[in-house]
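Taken in order, these protein sequences are the chains called R and X. Its first residue numbered 276, the first sequence is counted upward by one per residue in the numbering used here. Its first residue numbered 258, the second sequence is counted upward by one per residue in the numbering used here.
Careful: at least some of the hints might be erroneous.
Cross-link-like lysine to aspartate or glutamate pairs, in silico, EDC-like; alpha carbons within 16 Å at most [as the list claims (entries may be wrong)]:
hint, chain 1, residue 1, chain 2, residue 2
1, X, K274, X, D325
2, R, K347, X, E279
3, X, K613, X, D375
4, R, K339, R, E371
5, X, K274, X, E321
6, X, K1146, X, D1079
7, R, K359, R, E345
8, X, K505, X, E442
9, R, K373, R, D293
10, R, K359, R, D293
11, X, K1149, X, E1066
12, R, K339, X, E262
13, R, K366, R, D293
14, R, K339, X, D325
15, R, K347, X, E285
16, R, K347, X, E282
17, X, K613, X, E387
18, R, K347, X, E289
Hints were generated in silico from the structure; no laboratory data involved.
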Amino acid sequence: MAKDPSAPPTAILAGTLDLLILKTLSMGTLHGYGIAQNIHNLSKEALRVEEGSLYPALQRMLVKGWVSAELKRTPTGRQARYYKLTASGRKQLAAEEKSFHESVSATTRVLRSAES
Amino acid sequence: MTLTEFFGRLIAMTRRKRLGQELAEDLEAHIELFARDLIARGETPERAFLTARRQLGNVTRLREDSRDAWGFPSIEAIAQDLRYAFRGLRRNPGFTVTVVMTLALGIGANTAIFGVIDRLMFRPYPYMSEPGTINRVYLESIYRGQPSVNTVFPWRRYLDLERAQSIGTLAAQSESRFAVGRGEETRIRHVMGITSSLVGFFDAPPARGRWFTRTEESDPSIPAVAVLSHSMWTNDFGQEEVLGSLLKIGVTDYTIIGVAPPGLVAAAAGPPPDVFIPIATVPSNVDRWLSNSVNTNYGWEWVQIFVKRNPGVSEEAASIALSDAYRWSRASERSLNAYVTPDSIARPRAIAGPVKQAAGPGGGAQSSIMLWAVGVALIVLIIACANVANLMLARLAVRQREVSIRLAIGVRRRRLVLQFLVEGLVLAALGAIAGLVIAQWGGSLIRLLLLGDSTSFSLANDWRTLGVALICALATTLLTTVGPALSATRADVTTSLKADPRAGGGHRSGAQAALVVVQSALSVLLLVGAGLFVRSFVNARSVALGYDSTPVLDVFPDFRGVQMDSAVVLAERERLLEVARAIPGVESAALVDNPLFATRVFDLRVNGIDSVAALGRFSARIASPEYFDVMQIRIVRGRRFSESDRSGAPLVALVSESMARSLWPGQNPIGQCMRIGGGTLPPAERAPCTEVIGVAENTAQRNITDDPRFMYYMPAAQRWPQNMSRMYLRMASRDLLGARELVRRELSRAMPSDGFVVVRPLQEQVDNQSRSWRLGAVLFASFGALAFVVAVVGLYGVVSYSLAQRRRELAVRVALGARTGDVLRLVLKEGAGLTLIGIAIGVLVALAASSRVQPLLFSISAMDPITYGVAGVSMLLAALAACLFPAVKARKTDPNEALRPE
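This is chain R alone, in the form it adopts within the complex (with noise of 0.2 Å):
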């Protein structure tokens, strides 16, 4: 079981929102809430998105052709869209993975050497 759902999750880093929903979709095809699922599960419920903005930038991604949505059955019987990468995406997925290491480990050394 997870841990307390009372206690606050992890805030999500600005800017990474599309980067996490990318990586979530690059596994397979799931629908918004096995998204915001998928990325609490593989935070170790670190993270936790908001429907509030999960689903405002899968719309953003669908117009800019990130990621394509086809109609299928949920387990509950009733029709929803399921995300897919598509090429364009996943160009996008490595772009925006690379950036967000150099950005990382440059941050790193800027708090390493501070500290040091």
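Add chain X to chain R, keeping to what the hints say.
Frame of chain R, contents of chain X only:
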């Protein structure tokens, strides 16, 4: 935005409804899946669904954020706001019309004033090339202890400056009015003389033919040439082929060699010229004697000078170089005339200043009037803004609940503020459009009233003025909308939603009160200004002039340079006088030397007085004996001149009462001896006695405010009868319109050869004297009335709104037994209180400005208590009326209806 994204958004825009449904399905699925997981962890189904839904948060905002991806939200939001704004404004026509008209008056007044002032002072002349390198030359010297700036100079000065400087190219122009044409077609026209160098200051290739050359300009043996203005070519010649034909200008026949491009006016300070001629041909058109000495003499000032600075020469450097040249020129002038004031006293200097004279040093009455106009127009705009802001506040107060609901359901505040801004923008745009219509004819009106310029004023294609209208509109939008919108959306949602909608927000905001105070203060300020100027004007009009000029026509016969010896001229003038006397409706006719407010000064000697000049300025009028009949000047003692006071008879004169009192206090002035000399006369000490034969009433002939009116009159027969340049005709009827044309026709027919006459009512010259007060009166009275109406309407609107909100409170009071008087007192106290504060502030500001206004007034103190009192009381009464009507209406509310639950 990438291309993919653009098309993605475009496609999404067309499928928006389906995407909305899909999103709704997504969210439902989300809730179901979430709930399923919770149930799996042991929650009851109801609680699971409740938690899942709560977890989803503000669905409205989620949908709105998602919708942002489908289409182009910022553009669409504005379009939507526009639709919403128009719908809202259509639903409140009263509010819309009030606001639009208020803004239209404010924006219109400012646009019109700017359009006029821009043309007058700032806009470069059409076709001028590199206007930044061209200056008008102003020459300044100290005259009688006062610095005096001149813009019109002798031709010799131009030649001197041209020779003595090397910082640029000099050019000159002269503006004159000459008779143009022949016979019946002859009309007085604006003729501009220019140097060929001035043509080079403009990039103005002629529409037909060519400009004159330097040789044609300077060589008197070459026949005179002229270039028509485009408008004269169009209006008088129907754009026919005119090159090579002759045009009589003044006394000379000119060959037309070209037509100027449309709109070219050179650097005209006055009205647009009708025809351009080489400046060197101007003097012979004015006076043969002058034309002979124009290259050497400094006596006649008639040319304006311009300089195009060489590259790298600053205005300061040009001023310094021209100042040196000016001093050099004065030295050469001194060699001709020893009376030229030494440089140590005159401190001469040249200024390379703005080409537009009105923007230059000593810009004169026009610019100061226009600056006043700008100030007054800005005040009107501020009042209009205050008024509109106030109405907006009141309207938002009514819509507070709507705003709160929208905030509560998750509409973002930025979005709401933007919506109010769009609404304000729509109002300001409508106001600006209406304002431009007002400015279009207002501008013409201002030019006519303030500048006496009747040339058309068009705003089409006038981007500078349209730009100012736009800026005004944007500024009013910001001023009137941002404050109210921010305060309305800042409201605490819970409080305003909890409040009983029927109770209304009972309290008027501090901002509203402040705006009412500002409005009434500014209105009072303008009303005081209006009162002071109107009373100055009335005072000026009611000055006892000492003569009656209303039924008098001033006739100027122009012989157009026909060379006649003085005996012939005299005979011609006498003959014309007889012709004039025979015209039906002419009661009496006299020969007069000069226009009404142009008098001569001679050297005057009187036994027993060391220096008559030290007592003041004694002005002379020379006229034929009928002058006193024509002008109806009363003879107080003695007699007027008669036919027997002719040349060769003992010299006689009449003096004014004040002159008699000043020169011979306590004595009988009749029979006294004055020696009159100087000018072209022999020196006064050697002049024979001129005997005083009568005393005339004091008359205003220097200007209407002149005091003490020292005047004396001499018979034309004894002093240069051939120089009586004009005739005054007293008409039987005071209606001069028909008489004027009749006299012009009859006398023109009697003129020899190409001669013609100019006929004007003498009253025009008198009216011109009170022009500045009339301008002030018109300006302040019209804008003051405007501001007053706007302020009262504003107060009315605010009180009405505030009462509408307090309907319930008032109904309760009435139900509890408050009488009509109590309710009225309640409302009036509020409105009157604010107005009184405003009046006090307005009066204080007016008092503070009084010392600056005083020199512009006539026979009234700038602190005149009656004017202040009337302004304050009218403002207060108007304010009370503005409160009273809504209050009475509020009193009539049926408590039953107001208190019944909705």
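Each hint tested on the structure:
| no. | hint | result |
| --- | --- | --- |
| 1 | X/K274 - X/D325 | holds (13 Å) |
| 2 | R/K347 - X/E279 | holds (12 Å) |
| 3 | X/K613 - X/D375 | holds (10 Å) |
| 4 | R/K339 - R/E371 | holds (15 Å) |
| 5 | X/K274 - X/E321 | holds (13 Å) |
| 6 | X/K1146 - X/D1079 | holds (14 Å) |
| 7 | R/K359 - R/E345 | holds (8 Å) |
| 8 | X/K505 - X/E442 | holds (11 Å) |
| 9 | R/K373 - R/D293 | holds (14 Å) |
| 10 | R/K359 - R/D293 | holds (14 Å) |
| 11 | X/K1149 - X/E1066 | holds (14 Å) |
| 12 | R/K339 - X/E262 | holds (4 Å) |
| 13 | R/K366 - R/D293 | holds (13 Å) |
| 14 | R/K339 - X/D325 | holds (13 Å) |
| 15 | R/K347 - X/E285 | holds (14 Å) |
| 16 | R/K347 - X/E282 | holds (11 Å) |
| 17 | X/K613 - X/E387 | holds (15 Å) |
| 18 | R/K347 - X/E289 | holds (15 Å) |
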